[in-house]
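Number of protein chains: 2
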Amino acid sequence: MAHDPLPAALPLTDLTRHRRLREQGSPDRADLDAILDAGFVCHLGVVVEGRPLVVPTVYGRDERQLYLHGSVASRSLAGGTPVCVTVTHVDGLVLARSVFEHGVNYRSAMIHGEARTVTDPAEKLEALRLLTEHAAPGQWSYARRPNRKELAATTLLALSLEEASVKIRTGAPDDGDGPDAELGLWAGTLPLASAWGAPVPDPVLPAEAPVPEHVARRAGTRYG
Amino acid sequence: MAHDPLPAALPLTDLTRHRRLREQGSPDRADLDAILDAGFVCHLGVVVEGRPLVVPTVYGRDERQLYLHGSVASRSLAGGTPVCVTVTHVDGLVLARSVFEHGVNYRSAMIHGEARTVTDPAEKLEALRLLTEHAAPGQWSYARRPNRKELAATTLLALSLEEASVKIRTGAPDDGDGPDAELGLWAGTLPLASAWGAPVPDPVLPAEAPVPEHVARRAGTRYG
Numbered sequence: 003m004a005h006d007p008l009p010a011a012l013p014l015t016d017l018t019r020h021r022r023l024r025e026q027g028s029p030d031r032a033d034l035d036a037i038l039d040a041g042f043v044c045h046l047g048v049v050v051e052g053r054p055l056v057v058p059t060v061y062g063r064d065e066r067q068l069y070l071h072g073s074v075a076s077r078s079l080a081g082g083t084p085v086c087v088t089v090t091h092v093d094g095l096v097l098a099r100s101v102f103e104h105g106v107n108y109r110s111a112m113i114h115g116e117a118r119t120v121t122d123p124a125e126k127l128e129a130l131r132l133l134t135e136h137a138a139p140g141q142w143s144y145a146r147r148p149n150r151k152e153l154a155a156t157t158l159l160a161l162s163l164e165e166a167s168v169k170i171r172t173g174a175p176d177d178g179d180g181p182d183a184e185l186g187l188w189a190g191t192l193p194l195a196s197a198w199g200a201p202v203p204d205p206v207l208p209a210e211a212p213v214p215e216h217v218a219r220r221a222g223t224r225y226g
Numbered sequence: 003m004a005h006d007p008l009p010a011a012l013p014l015t016d017l018t019r020h021r022r023l024r025e026q027g028s029p030d031r032a033d034l035d036a037i038l039d040a041g042f043v044c045h046l047g048v049v050v051e052g053r054p055l056v057v058p059t060v061y062g063r064d065e066r067q068l069y070l071h072g073s074v075a076s077r078s079l080a081g082g083t084p085v086c087v088t089v090t091h092v093d094g095l096v097l098a099r100s101v102f103e104h105g106v107n108y109r110s111a112m113i114h115g116e117a118r119t120v121t122d123p124a125e126k127l128e129a130l131r132l133l134t135e136h137a138a139p140g141q142w143s144y145a146r147r148p149n150r151k152e153l154a155a156t157t158l159l160a161l162s163l164e165e166a167s168v169k170i171r172t173g174a175p176d177d178g179d180g181p182d183a184e185l186g187l188w189a190g191t192l193p194l195a196s197a198w199g200a201p202v203p204d205p206v207l208p209a210e211a212p213v214p215e216h217v218a219r220r221a222g223t224r225y226g
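Chains as they are written, first to last, in this note's numbering: chain A, 3 to 226; chain B, 3 to 226.
Hints in this document: simulated from the structure, not taken from any laboratory. Ideal placement from N, C-alpha and C gives every residue a C-beta, glycine not left out. Please note: incorrect hints may appear among the correct ones.
Restraint-style ranges between C-beta atoms, simulated for each label pair [what the hints assert, rightly or not]:
| no. | chain 1 | residue 1 | chain 2 | residue 2 | range |
| --- | --- | --- | --- | --- | --- |
| 1 | A | 15 | B | 152 | 18 to 24 Å |
| 2 | B | 155 | A | 10 | 34 to 40 Å |
| 3 | B | 39 | A | 216 | 19 to 25 Å |
| 4 | A | 52 | B | 173 | 34 to 40 Å |
| 5 | B | 52 | A | 140 | 39 to 45 Å |
| 6 | A | 199 | B | 39 | 17 to 23 Å |
| 7 | A | 218 | B | 179 | 23 to 29 Å |
| 8 | A | 209 | B | 9 | 43 to 49 Å |
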């Protein structure tokens, strides 16, 4: 299977076409990649007996596929059922002059497709490496890697990144040039940001156990 | 309709029973309320033509119901179709000795039910107040409230908080007392936290426009 990169433009399909707030849609795959790379927890939607189930789970990716930790949903995913994976970063509140124009600054990606359970041991190991390094860079080299039994007990799903859509909102409220600007109210945004804190050692470790460099250097860095 | 509080214990149903990592489940409605109150963006799952759709949206609540900004999903929700609403706060990475024991510290709530479109104007106004005050406390009194046309153009959904489940993981990795502890590796957690930043005024405001106290006081406070 050739691993050509996916097209730089996101596809326009029945599932990816924006029906509302179209101006917030982005056609660029680079925006999709950036949103995925900024986080490591997604919300995975599946249909179980006609009802939706939305489960938070951890993901990683390569150029063409998302890999998901799928144990929670696995019993529902036999045989390639359709899934929807959404990753959202909330960047702040949009405080407009009118309640009606209030909103959220955010970046959100939605991926549609049929999830495939990864069964080939080599692909599974590689998928787990991608997922681990995505969430916890440096840990694949540092921690003990899975043995055969552990790998067998891990459920990983693969989902093509082909059919995806992106929505992004940034910046000030939209009512600064409308009649409500005359009200003389303050308006603007209240930004929201996430950051990694200082590592917390497992209490059973000796007090002097040094924090590995690849963990220590994340403290204080921005997330999301 | 009496507004008795919902039972303090979450119900055990086919939809709320935890099938995996049961030790992370909480039976307490107080934990559900705390998770809902700590955030304002949920992931709303619906089924559209047999496929799942997971959409981020804003919510508020009262004692018995969640109110959701529902425009995105509204065309799919006529006639009380089943929904699943999930709210997740990611509190950090669990860095264990083995890759297999890696995980996430998090708080997550899942609500199942049939969403009802709010049509009564009085309930709609109250739902919008709850939603606005939940996301942006103080703005309902400060900003211009919706007129009749704006209220009509707003889609709000109500969802009973009755059928819900909660999962929470906190603390150190689980392999501190297993054979992997002998490896002498560092293990612990890397906390993740969100905070509100300094308000950013709309660039069209006069430079001296004062930030209202109810907005200014959130800067630097923790979110999530």
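Q. Out of the numbered hints, which ones does the structure contradict?
A. Result: hints 1, 3 break, sorted rising.
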